[in-house]
Every structure is written in C-alpha cells, then in structure tokens.
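2 protein chains.
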Amino acid sequence: MKMKLYCMGESGNSYKAALPLELSGLAWEPVWVDFFGGETRSAEFRKNINALGEVPLLIDGDLKLAQSGVIQSYVTEKTGQFGGGNSEERREVQMWVLWDNHKLSSQAGVTRFMMNFLPPEKRPEPVINFMLGRLKGVYAVLNEALKGREWLVGDAPTMADFSCCGYLYYPEPFGFERKEWPEIDRWLGNIAALDGWKHPYDLMPGSPSDRAK
Amino acid sequence: MKMKLYCMGESGNSYKAALPLELSGLAWEPVWVDFFGGETRSAEFRKNINALGEVPLLIDGDLKLAQSGVIQSYVTEKTGQFGGGNSEERREVQMWVLWDNHKLSSQAGVTRFMMNFLPPEKRPEPVINFMLGRLKGVYAVLNEALKGREWLVGDAPTMADFSCCGYLYYPEPFGFERKEWPEIDRWLGNIAALDGWKHPYDLMPGSPSDRAK
Chain A
5 MKMKLYCMGE
15 SGNSYKAALP
25 LELSGLAWEP
35 VWVDFFGGET
45 RSAEFRKNIN
55 ALGEVPLLID
65 GDLKLAQSGV
75 IQSYVTEKTG
85 QFGGGNSEER
95 REVQMWVLWD
105 NHKLSSQAGV
115 TRFMMNFLPP
125 EKRPEPVINF
135 MLGRLKGVYA
145 VLNEALKGRE
155 WLVGDAPTMA
165 DFSCCGYLYY
175 PEPFGFERKE
185 WPEIDRWLGN
195 IAALDGWKHP
205 YDLMPGSPSD
215 RAK
Chain B
5 MKMKLYCMGE
15 SGNSYKAALP
25 LELSGLAWEP
35 VWVDFFGGET
45 RSAEFRKNIN
55 ALGEVPLLID
65 GDLKLAQSGV
75 IQSYVTEKTG
85 QFGGGNSEER
95 REVQMWVLWD
105 NHKLSSQAGV
115 TRFMMNFLPP
125 EKRPEPVINF
135 MLGRLKGVYA
145 VLNEALKGRE
155 WLVGDAPTMA
165 DFSCCGYLYY
175 PEPFGFERKE
185 WPEIDRWLGN
195 IAALDGWKHP
205 YDLMPGSPSD
215 RAK
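Protein chains in written order, with the working numbering: chain A, 5 to 217; chain B, 5 to 217.
Note that these hints are calculated values from the structure, not bench results.
Each hint should be verified, as a subset may be incorrect.
Which copy is meant is left open, so a pair is good if it fits within one copy or across any two.
Calculated lysine-lysine pairs in the DSBU-like style (CA-CA distance at most 35 Å, straight line) [to be verified]: (1) Lys82 - Lys126; (2) Lys126 - Lys6; (3) Lys68 - Lys51; (4) Lys6 - Lys151; (5) Lys51 - Lys183.
Just chain A, same shape as in the assembly (with noise of 0.2 Å):
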C-alpha cells in the first residue's frame, strides 16, 4: 500500500518530506489538506491526523510520523539514501536539517505567508520587514557554506538539501532572488536537474492558481 502524505502545494515543509520520497522512488501518494479552509486548525485534525496542527504527515500503515525531518529520517532508514556516508557526514546532515528548521524555512514560511497569502490590508508591515532583515542573515550563511561545492554535505545530495531548498523554489515574492545569492542559485540548479525532481506545485496538489479559480 502506498505511504500518504498530508500535505499542499503551497507547503515548503511538506515539500521537504515529499521531494526525498519522490526522489527515492518510494511508493507515496499525496493527500491534499485545506490549510487555507482552516483544516490544520480544526479539533478534528489535532485529534484524527496530527495532535501538533500541521502539515506535512506521513502515514505508513500503523505508523504515523509528524515533523519533515523525522520523515526525512525514514526514508533514509527505508531506503539507504540522502542520509550521509558516514557518521561524520551524518552529524552534518542532521545539522543543517535542525538550522533549517531552526533559522531558514520557519522564517521564509512565515514571511513568504504574510506577503502573499494575507489579504493586503492585513499585512504586518513591520513584522515583514523585521522577518526580511533576519533572512538576509540566513541566506549569507547557506551561500557562504556552499562555496566550492556542489552539495551541503559530502559529494552527494542529502537531506540537508532538501530541507534547506524547501521554500527557495516558489516563485511568489517573500525577500529571496536567487540572482543576489549565485551560489545558492547554483545549487538550486543541482537540485532541480536531479533526476525525477519536481517543483513543489507539481508534486504536491494546491497552489495559488487553484485557489484563484
């Protein structure tokens, strides 16, 4: 039976978890959840899918796994791949996929939230402008560290590429231009000419489009 992923288009952290399962050639089917009807939100949800309110889970028969980084870890369990080839490059993985979570796509969501999908007069001007300056920092650090390199960690991909490109592909505009940062626009370019890759609104179904209908 194929695993589920709960999840939308417009999620860069179920993107997270469903770019590796794609890319690993798992058997997975996405299921789409109405975050913008409030679906995430709801008792039902908390109580029936994810007690945490959030996207992306994935369900594999009994087991049900909340967090991309922890489903980020069982496709590294079930298949081998995108984890690092030792535990030196493993440590690294798990560094950037915490940082990740940490300072880059809980920010960029946010932020790229705000300016697109809040109507206009209810934007935070202030608190968009605070979450813009602190990206830049954030930015200066993934294309600093991906000097002289084709990928975060190692010489192959991993998942801490996938965590740290979950936002970085969208088109709708939240502080990033992928011109003023070329090495995480090179790296951006490694990823996507992988073999199976998809971007986020075709992987996952949901996206600004189909909301406009």
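Mind docking chain B on chain A? Use the hints.
Just chain B now, with coordinates in the frame of chain A:
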C-alpha cells in the same frame, strides 16, 4: 580532556545542550561567548569556531558539533541516555526536538531577546506582539501534549524534554507565565527535580545581572 561547550547563560539554545551534558555525567566545561559584545557575529568566530555564527558549539577532541539537537544526539550516542527506549520513542524524541527548533525555542528566544535585551527605544512593538500571539498557540500544543504525562515521550526524561524546556525557566518576561499553562508548569517541576538539575544561569556563565555590574 573535558569537552568544551561554547555558550552563555542567556542562551536557551545553549541550555538545551548544557543540561543533558550535565545530567548525563559527562565531563564538560563551558566556554563563555560574548554574544552581547558581537562575538558570534564576528568574522573570526565564524572562521575559527562556528560558520553558522551561533551558540552552542561543542568541541570534543577533533570533533566540532553545531546545533543543540546534534549535541543532544551525541550525548545519547556516548552515554545511551535520554534518547528514547525503542524506535518509536526515538522518532517521537526527534519529532519534539525538531518541533521545538521550528516553533518553540526559535520564536521564544527572539521574543525574549527583543523584550529584554534591546534598549526600550529599539524594541519593535508590532513584531513583539505578533510573536507573542504565535507563541500562545505553541504553548497550547505543548500544554495539551503533556496532559496526563510526566514526560513528553515514554515514561522517562528525554532530549524532547530538554529541548522544549530550553527557554522556559528564564525569569525575564517574554509572554510565558507558568501559571497560565498548568501542564507545562508541572512538567517543568519534574525536570527541575532531576538529580543534578541546574537553572541556566547557574549552569553556564553569563546572565543579565553580570552585565549590569
């Protein structure tokens, strides 16, 4: 030789590493970092200590580990402690550590910084209010998860507890009042009752009162 943890008392993210180091009985010592004097943002610190420009950082011989969650995993690896009793518990521990980094410590840390460590005239009130609102939802998830439980995972303390409690013992105001969250309050009491437990300001050098001298 003792392991060295680059840290400072005001850093809840450092506490997430220092507390399990201390409780596990490993030989370690803190190395105070002058965060408030700009040390973590200096080119020298990034070059010689941590390219991510942050604390904590652990040095054990030739090994250098960044991100508190990586240091926690290393403590578990070395001592067999606090990692969860089986594969299901290990995944739950990983989930809470990631959730904490994504939702709790990241937002509580920056909010506490803005409310207490910036000069009053530089405090961005709209940003603080936004973060305080988000944090309420985060505390609610944690409080709910602790209902009927002594510990977040299984029936013993784990890195899940030591990660999520990172900022919650600090006395400075940042929108967290123990009495408003009875389950969190009780659980913080459980952690503080562990043999060898220390408050962050007692476990690591550096505190607001030191800087007031």
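Looking back at the numbered hints, which does the structure fail to meet, lowest number first? 1 and 2
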